[in-house]
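Visitor: The hints should help you fit chain V onto chain W, whose structure is shown.
Number of protein chains: 2
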Amino acid sequence: MKTLFQYNWIVREQWYQWCEETTPEELQRVRVGGVGGILHTLFHIVDVEWSWIRVLQDKPDFQEDFENYNTLEKVRNLDKEFKQDVEPFVNSWNAEMETRPLDIPRLDGTVEILAWGEVMRHVIAHEIHHVGQLSVWSREVGKPPVSANLIRKGLIQPNETQLQD
Amino acid sequence: MKTLFQYNWIVREQWYQWCEETTPEELQRVRVGGVGGILHTLFHIVDVEWSWIRVLQDKPDFQEDFENYNTLEKVRNLDKEFKQDVEPFVNSWNAEMETRPLDIPRLDGTVEILAWGEVMRHVIAHEIHHVGQLSVWSREVGKPPVSANLIRKGLIQPNETQLQD
Numbered sequence: 112m113k114t115l116f117q118y119n120w121i122v123r124e125q126w127y128q129w130c131e132e133t134t135p136e137e138l139q140r141v142r143v144g145g146v147g148g149i150l151h152t153l154f155h156i157v158d159v160e161w162s163w164i165r166v167l168q169d170k171p172d173f174q175e176d177f178e179n180y181n182t183l184e185k186v187r188n189l190d191k192e193f194k195q196d197v198e199p200f201v202n203s204w205n206a207e208m209e210t211r212p213l214d215i216p217r218l219d220g221t222v223e224i225l226a227w228g229e230v231m232r233h234v235i236a237h238e239i240h241h242v243g244q245l246s247v248w249s250r251e252v253g254k255p256p257v258s259a260n261l262i263r264k265g266l267i268q269p270n271e272t273q274l275q276d
Numbered sequence: 112m113k114t115l116f117q118y119n120w121i122v123r124e125q126w127y128q129w130c131e132e133t134t135p136e137e138l139q140r141v142r143v144g145g146v147g148g149i150l151h152t153l154f155h156i157v158d159v160e161w162s163w164i165r166v167l168q169d170k171p172d173f174q175e176d177f178e179n180y181n182t183l184e185k186v187r188n189l190d191k192e193f194k195q196d197v198e199p200f201v202n203s204w205n206a207e208m209e210t211r212p213l214d215i216p217r218l219d220g221t222v223e224i225l226a227w228g229e230v231m232r233h234v235i236a237h238e239i240h241h242v243g244q245l246s247v248w249s250r251e252v253g254k255p256p257v258s259a260n261l262i263r264k265g266l267i268q269p270n271e272t273q274l275q276d
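Residue numbers (the numbering used here), protein chains in the order written: chain W, 112 to 276; chain V, 112 to 276.
Be careful, since some hints might not be right.
In this list, chains with the same sequence are indistinguishable; a pair is considered to hold if it fits within one copy or across any two.
[As the list claims (entries may be wrong)] Pairs of lysine to any residue residues, derived as SDA-like cross-links and limited to a Cα-Cα distance of at most 25 Å, are as follows:
| hint | residue 1 | residue 2 |
| --- | --- | --- |
| 1 | LYS113 | ASN270 |
| 2 | LYS191 | GLN125 |
| 3 | LYS264 | ASP172 |
| 4 | LYS264 | GLY220 |
| 5 | LYS191 | VAL146 |
| 6 | LYS194 | ARG142 |
| 7 | LYS113 | GLU207 |
| 8 | LYS185 | GLU209 |
| 9 | LYS264 | GLN168 |
| 10 | LYS170 | THR272 |
| 11 | LYS254 | GLN125 |
| 12 | LYS191 | ASN270 |
| 13 | LYS170 | ASN260 |
| 14 | LYS113 | LEU167 |
| 15 | LYS264 | ILE224 |
| 16 | LYS191 | PHE177 |
Don't read these hints as lab results, they were simulated from the structure. Note that the coordinates shown come from a computational prediction; the quantities given were computed from them, not determined experimentally.
The shape of chain W in the complex, shown without the other chains (with noise of 0.2 Å):
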């Protein structure tokens, strides 16, 4: 689980340094699929990731658009902001935490059941989905995309010791 939200945190941290070197016109342009622009993903995956965990953790919730966070060093500074709930969170997470249910009321009076579980890697997927998109429009931009290759990051230490299969 962990090793996930890692990878999406290093990407998202190389996209917006490849941000850094894009016009502030091309990252807010509109384009088509998704949420419809570069820098409102980013906002986006960051707003999505947080409001899921406030949810996990039976807090309120984040309810404010777009437009108020349409500059790169705004969405980053939410995102640091944001951090600091999330981080704590997914390095708590332990295997007890996977199937521990979720309520979630609908407009009918009744309840939908998730588990835990589900909704974490529904974030990481989330995430990773939505850079997807980025890369295409990177290439609109003219620009290469970041890589999104989660070998090679050292996420997780090989042990030279175990024998290969």
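Guide: Just chain V now, kept in the frame of chain W:
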């Protein structure tokens, strides 16, 4: 680990169904970003998943070109064939395999060492990333993309006897 592979397989099947409702011309059209097309992306996902798992098993890799698999039926058949190797391997995954070393010889004679757990997560992220690209192209085609939601696919059963934190 298994949950995210299962997620990818469900979403991939839904993209095949999406492809059934799309013309071969759109599926084969060369597009900006990624490997450059919808069907080519699905082929690439199937190829990369199987190839890495073959590498972990120290078995020969897949070396064929998309040109020989450029119809939906051919990609689905290839996927079905490869799944016979991939699925049992994923289902046999255990914690001890996470840090098992994979030696990759470099051209200069040195050896790169990856952890098996990194490789498996690389495969997972690889597919989700490329599916994000499909979602942009589906809008170009004028069709809604397959949902990327991981929740609501019944992948983890919540334990309703557990307390919510």
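Visitor: When the structure is checked against the list of hints, which entries are broken? Sort them ascending.
Guide: Hint check: 6, 8, 12 fail, others pass.
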